[in-house]
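Trainee: Read off the chains here:
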Amino acid sequence: MNTLVSHQHNRNMLAALPLPGRIGKPSVDDIYPRIFDAILEQRIAPASRFTEESLGDVFGVSRSIIRRVLARLSHQQVVILRPNHRPQVAAPDLEQTRQILHARRLAEQTLVRLACKAPQPQDLRHLRDLVEQEQRCLDRGERGPAIRLSGEFHLQLAAMAGNAPLAQFLGSLVPLTSLALARHEVKSRRHCAWQEHLAIVDAVEGRNVNEALRLMDEHLDHLEQKLLLAAGTGSSK
Amino acid sequence: MISSSTVVNSVVEKLRAALARGQWRSGEMLPGQRELAEQLGISRPSLREAVIVLETLGLVRSMPGKGVVVLEATLSDTASEGSAMAGASLEDVLQLRYTLEPFIVGLVAQSISSKEVGQLRLTLMDMREALEADDSDACANAYIAFHEELFALTSNPIFQNVVQQTSNALKQSADVLRNSPEHLAERLEENEAVVRAIRGKNSAQASAEMRRHILREGQRMGIELNIPDDNLGT
Chain V
1 MNTLVSHQHN RNMLAALPLP GRIGKPSVDD IYPRIFDAIL EQRIAPASRF TEESLGDVFG
61 VSRSIIRRVL ARLSHQQVVI LRPNHRPQVA APDLEQTRQI LHARRLAEQT LVRLACKAPQ
121 PQDLRHLRDL VEQEQRCLDR GERGPAIRLS GEFHLQLAAM AGNAPLAQFL GSLVPLTSLA
181 LARHEVKSRR HCAWQEHLAI VDAVEGRNVN EALRLMDEHL DHLEQKLLLA AGTGSSK
Chain D
1001 MISSSTVVNS VVEKLRAALA RGQWRSGEML PGQRELAEQL GISRPSLREA VIVLETLGLV
1061 RSMPGKGVVV LEATLSDTAS EGSAMAGASL EDVLQLRYTL EPFIVGLVAQ SISSKEVGQL
1121 RLTLMDMREA LEADDSDACA NAYIAFHEEL FALTSNPIFQ NVVQQTSNAL KQSADVLRNS
1181 PEHLAERLEE NEAVVRAIRG KNSAQASAEM RRHILREGQR MGIELNIPDD NLGT
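Here the protein sequences line up with chains V and D, keeping their order. Take 1 as the starting number for the first sequence in this note's numbering and just add one per residue. Take 1001 as the starting number for the second sequence in this note's numbering and just add one per residue.
For the record, the hints were derived by calculation from the structure and aren't laboratory data. Keep in mind it's a predicted model, so treat the numbers as computed, not measured. Quick reminder that beta carbons are idealized off the backbone N, C-alpha and C, glycines included. Take the hints with a grain of salt, since some may be wrong.
Claimed, not checked - The following label-pair restraints were derived from C-beta to C-beta distances: (1) V:83 with D:1066: 17 to 25 angstroms; (2) D:1201 with V:29: 43 to 51 angstroms; (3) D:1090 with V:205: 27 to 35 angstroms.
Go ahead and model the full structure; you've got the sequences and the hints to work with.
Mentor: Written out as structure tokens, the structure reads:
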């Protein structure tokens, strides 16, 4: 009935993504990263359609949990929900990716500037924590979660800025960038954004606005090169 | 593919925000199709599509022959993700506008048709008439309409939500827009400068005029924005 996930595939998915060691029913927050990782690692193929039921079976949770995860992913533009269609993973093309990156640059410049104003110790700790997790995932060869965590770093930094609408706007750009990265960067070498992230945290902690801006700009340059080069040489149309 | 559903998406966002604000409580029915479509200024087919999306999201359920009932379950999720504007200060909104609108207006200047320029100028004329008639309500409305028309001209779907959100925020803070006649006249002049630059297809100038307008808007509200030093002179 469902061509997307064969039974065998289901098992692999579950084996690859053990639930964190806790008892009780998984929540939206537990399932969201697992589904996003599955999308990023293309265990849910781009442009594939799936149903709430099939995902519910795979992840062993109710449809209502799946529905809320899909709502969050659709808010982030990662999953497209359309009337009378099954949910679908977005597939940003080269031009869209370019525009997303441009919009990110604008938003993140302002956000970094604001984040430098009064960085709180617990927020900085959270950022360093994310960098560490990202690094650990890379060491273990877990590319999907590493890309997701890399995006979460930017969203956490945005949350620190204290401008909720602007952070929310970035929230619709970063996951799409992750998606494009996961799609295009397959052949390139290790993704080493975490070192640049660490340097950004240091600059924000020191309230060094100009340094933070410069580092963020460079970091986005690298991201852009990776994405646009990979897309240009890869599936140019 | 994405752009064709832009209208529907923006309606979904509007309704989602209204639900998150608690405009309708769980168990209540949404207004009838005709009324709601009129309120939102969209066609009934677009509204129907939007309702289907909301149904997919589990926010509402269509009851055949009765109408659309609002469900309870996921409202807290939507509240946290759908309405960042609800808790946003005027300063946040201005900062957001300052970050994005100069860029968006620059894009618009590159692609606008003369017919579309004509429409913008008509809306500014409405604003001028309202100003001359000393009707500050109409003046604020024309300002919001100008904002919406201007940004509806961007073809990039990634900006649609944010434009919708800033429009909503403007409507919520309409009191601030109904200020003194001198301020209204200034705002009109600044908007006219934006349109002149757009008309001349001068992207850089249009961006600069929009930056100036938003900075002045901040000064009129007594808000100082955190912006790069090198932009202060422009």
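Trainee: Hint says 27 to 35 angstroms; check whether the CB-CB distance for residue 1090 (chain D) and residue 205 (chain V) agrees.
Mentor: holds (29 angstroms)
Trainee: That 17 to 25 angstroms hint for residue 83 (chain V) and residue 1066 (chain D) (C-beta), does it hold up?
Mentor: Between residue 83 (chain V) and residue 1066 (chain D), where Cβ atoms are some 20 angstroms apart, the hint holds.
Trainee: Regarding residue 1201 (chain D) and residue 29 (chain V), is the given constraint of 43 to 51 angstroms on their beta-carbon distance met?
Mentor: Holds: the Cβ-Cβ distance is about 48 angstroms, inside 43 to 51 angstroms.
Taken one by one, the earlier hints all hold for this structure without exception.
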